[in-house]
Each structure stands twice: as C-alpha cells, then as structure tokens.
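Participant: Sequence:
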Amino acid sequence: MWLKRDINLFEKILILAGFAVILFGYLLIQGPVVAEGITLNSLAVIFLWLILIVLIVTAAINENMKEELKIVAVNQSKEMRMLREDLKRRR
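Residue numbers are given in this note's numbering: position 57 of the sequence shown equals residue 57, and the series is strictly consecutive.
Please keep in mind that the hints were generated in silico from the structure rather than gathered at the bench.
Being a predicted model, the structure only gives us computed values, none of them experimental.
Ranges between beta-carbon positions, derived for each pair: (1) Gln76 x Leu43: 45 to 55 Å; (2) Leu52 x Lys12: 15 to 25 Å; (3) Ala17 x Leu83: 36 to 46 Å; (4) Phe24 x Val72: 29 to 39 Å; (5) Ala60 x Leu27: 16 to 26 Å; (6) Tyr26 x Ala59: 14 to 24 Å; (7) Leu83 x Ile29: 53 to 63 Å; (8) Val54 x Asn75: 28 to 38 Å.
Note that beta-carbon positions come from the ideal geometry of N, C-alpha and C, so glycine has one too.
Let the sequences and hints guide you as you build the complete structure.
Facilitator: And the structure:
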C-alpha cells in the first residue's frame, strides 16, 4: 500500500557530479597550495570549491525532499479515499 522511494536519474547524476567535484577539486587545488603555500588566491579558490560542494549537497537535499513530499501526498490521498469509503459504508 505504501510507496517505496527509488533513486531517480537526477540523483544518480548528482552523486557522480559531487564525487567528481570533490575529487578533481581537491587534486587541482592541492598542487598549487603545496607548491606556493596558502595565499589569498588559494584561499579564494578553496572557498569557492567549498561553496560548490555545498550547492551540490543542497541540490541533493532538495531533490530528496521533493520526492519524499510526493510520496507523502500520494499516501495521504489514498488514506483520505479509504476514510471516505469507510464513512460511506457506515451510513
């Protein structure tokens, strides 16, 4: 009776993009930081990289909430339908 939530294509792509951003960002940032040390430019790049990671996590959370709310709405409509049918039988 209750719907089970499956991972959709957008979430799969988002997971792959998130891992790619984390891995490639770390590898691209680590080289110049080790060579030059922490400079103002490297801090700006690290900060922007962290913002990108936060945006990807936020997109994943929003997609998950959307899917969960859809399931809740469907379950509530089924429950309301069953309550109406039950009230009709009791009359």
